[in-house]
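Colleague: One-letter residues, chain by chain:
2 protein chains.
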Amino acid sequence: MLVPGQLNPSPRVLLGPGPSDVHPRVLTAMATPLIGHLDPQFLAIMNETQEMLRAVFQTANHLTFPVSATGSAGMETCVVNLIEPGDRMVVCVKGVFGQRMTDVAQRAGAAVTTIERPWGEVFELDPLRDVLKKVRPKVLGIVHAETSTGAWQPAEELGRLCHELDTLLLLDTVTSLGGVPVAIDDWGVDAVYSGTQKCLSCPPGLSPVSFSPRAVETINRRKTKVQSWYLDMTMVQRYWGEERFYHHTAPITMIYALRESLRLVLEEGLPARWARHMKNHQALKAGLAALRITYAAAEGRQLPMLNAVRIPAGVNDLATRKRLLDEFGIEIGGGLGDFKGKAWRIGLMGYSSRPNNVLVFLAALEQGLAAQGVKIEMGAGVTAANRIYAGG
Amino acid sequence: MLVPGQLNPSPRVLLGPGPSDVHPRVLTAMATPLIGHLDPQFLAIMNETQEMLRAVFQTANHLTFPVSATGSAGMETCVVNLIEPGDRMVVCVKGVFGQRMTDVAQRAGAAVTTIERPWGEVFELDPLRDVLKKVRPKVLGIVHAETSTGAWQPAEELGRLCHELDTLLLLDTVTSLGGVPVAIDDWGVDAVYSGTQKCLSCPPGLSPVSFSPRAVETINRRKTKVQSWYLDMTMVQRYWGEERFYHHTAPITMIYALRESLRLVLEEGLPARWARHMKNHQALKAGLAALRITYAAAEGRQLPMLNAVRIPAGVNDLATRKRLLDEFGIEIGGGLGDFKGKAWRIGLMGYSSRPNNVLVFLAALEQGLAAQGVKIEMGAGVTAANRIYAGG
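Which chain is which? The protein sequence lines are H and G, in order.
Our numbering puts the first residue of the first sequence at 1, with every later residue one more than the last.
Our numbering puts the first residue of the second sequence at 1, with every later residue one more than the last.
Everything hinted at is true.
Same chains, same names: a pair is fine if it fits in one copy or spans any two.
No more than 16 Å apart at the CA atoms, straight line, and that leaves these computed lysine to aspartate or glutamate pairs for EDC-like: (1) K134 - E164; (2) K223 - D87; (3) K322 - D39; (4) K225 - D103.
Just so you know, the hints here were simulated from the structure itself, not pulled from any lab data.
Starting from the given sequences, assemble the full structure and let the hints guide the process.
Modeller: Written out as C-alpha cells, the structure reads:
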C-alpha cells in the first residue's frame, strides 16, 4: 500500500468539551524514551504520580492511581468493582453522562433506580434523601460536572447524606478535576473517576481514580469476581500498591504525560488554578452576554470550564462551527443528546483557559455571526470580556 | 506537597518481553499538538491508521482498529463481544496468557473447556480437532506467540479446522504482530488482538484488533448486551466506522504514535521486517549456545522476538538482571508463572531487534556470568553471534 505521509495536522485551539490544549512541557515529556513498567525508575515515577494525584483529588486514599484507559473506563472501573449482580444502585441523570452510568451499572447487573432532572439543572439534597431512604442502595452515582449541559452539581453534602444511609458515594469528576474544587476526603466521596484530557490538560488515555478505605473494603469483601479482568481492582491494586505485582503493561508514555501535567497543576497551585478558570469564565460570559447569548444551566450552577450556551435563533449551528474551525482553527463542541443542534459547548479547560483564547474566540464568533446577518454590535463581546480582565 | 522534579530517567535498552525501544520518529510524533477526536483531520488520521493496520494484519476486515487500552483489554474486547453467557469456549493453555484468556472468558459467562500443553510446547492439530468435535464450542481461543514461554504456535491451519466445526477462531498476536508472519485472512482468523509495545515498537496503551465479517455478524446478532460498555463493539464500531459517532474520547496522542510506528513497519516492508527479526534471533541464539544457554521452547518452535532461555545452573537470576540494568541499562525479563526464577526472556522486538543490541547484550551477559564465577569462554558468545552477521 501507499504509506501515508508524515503527521502534519494544522494547529487547533481546543475550546470544546475536551481534549483541551496540552502544555508544551507535557508534549515534550512524551518524547522521553521508554523504560520498563517494572523498572525501579518507573516504580518511583508511579509513586510520584500517585502522590500528586492524591494532592489534586485532596485525598489520603491509598488506592489512587490512573486506570489504563480513558474516562469512560474509569466510570466502568468504579461501577464494576463496587457492584455485584443484584446490588441496588441509584443513578442521578441530568445529561448524557448520567445516562451512560445507568447503562454501565445495568450491564454490571445492578438493580438501577434512576432519578432525573431536566437537562441543565442539578439535584437538591431533600429529594435525593427521599429516594435513598426508599431504595436503600449500595451505591449512589452522580456527575459533578455534567459535560453535556454545563451544569455544576453541588457535591459538598452528598457524602454525609449517603453515609447516613449506609450508601457509597460514586462521583464523576471527569470535567471538574483541576478546574473547580474537588475535595474527596472532606466531601466523603467513596469512589471517584476523572479524565486526563479536560482540566488536567494531558492527552486522553488515562482515567485517574480513587477509592476510600470503605470502598476498598467493599471490593475486597466481594463474593463474586469482578466481571472485567482488565479493570479488576482486586488485582490492579497489587500493581499500583506495594507489591508492584505485574497485571498488565502500564501505558508508560501516558503516565509520563500525566506526571508532567500534575506537576504543572501543583506548581500553579489548586486555588490559583480554580481562580484562573473562574476569571476566564467570567470574561467569556460577559462577552457572550453582550452578544445576547445565554447559558443552558441556571445562574449559580454554571461550570466555569464548560460553557454550554443556547445557539441564538436564526444561527446556523454547523456553519458557525465550521467557520470557527476553518478560519481560526478554533474547535468548540456541538450539543449532545437533548441539546443536539440547540447548544454549543465552549470549553476553557486547563491550558486552554487563557485570556488569549477568550478574546480571539469572541472576536471570531462575532465575525461568524455578522457574516450570517445576525444583528450584533461588532466588538461588543470582545470589549465586555476585556473589561472584566481590565477590572482586575 | 513538594512537587517532584523534571522527568529524567536514565536511558535503557529494552530487551525484555515488552515494551520495546521506541523509534525516535514515534517519540517525536507524540509531541505533536492535539486535535479533537471528531476533527475532520483526525478522522483522516483514523482512516490512515486503520488502512495501515489492515496491511500489517494482512486482512480486508472492515472492523480493524486500535482498542483504547493495552493488549489485555484487546483480549477482553474479543472475548466479551463474541461470548454470551452460557456459550461454550475452548481455550488452549500453554503459558500465562492462555491462563489469562480462560479467566477472562469465565468472567464473561462462557462455559470454558481448557486444554493444556506443558510450558514451552505448542498444540498439534489432531488433538485440537478431537476436542472441538467433542465440545463444539462457539469460540476457540489460542495464543500465537506465548510471551511467557517463547513458544511459537503454528496458526496457518487453525481457521480451516475451526470453520469445519462452525467454531470462531480467536488468535492472540500481542507479541507476534510485526515480528513474524501474521495473515488474518489467509489463516481464517475471526477475531485477533495485538499490542503496540512489542514488535510495532510503539508505547503501550493501545490494542489493535480485527474482526472477520463472520465475527461481526455474530456480534450484531447478540441477544444480550456486551457486559462492558467501554469495549462494546456494537457501539465502538460506529465511531471507527463510517458514522464517526461519538462513543468515548479517542486517545489521540497514542493514535499519532501508532500511525507513525505503522508507517515505519510498512516503509521497511513486512518480509524485510520478519527477516530482520529472524536474523537477530539467529545471532543471539548462536551467541547463547556458545555460552551453553538453551531455549525453553523446542527447536523449530522458538519465537525470534521473544527468546525464553533456561537460567544456567548456579547462576543468580536477580543478581544477573540487576547487573545488566545497573551497569548497562539493559532490561531483560524474568520468568513468569511456572518459569519464575527458571527462565530469562530476552526480547528482540521491533526497533530493539538490532545487531548492536545483540552484541552488547551478549558481552554484558558474559561479563555478568564471569563475575559470578560461571565457567564460560569470555568472548565466545559475542564471536558466535558476530559470525552469523558476517556470514551474511
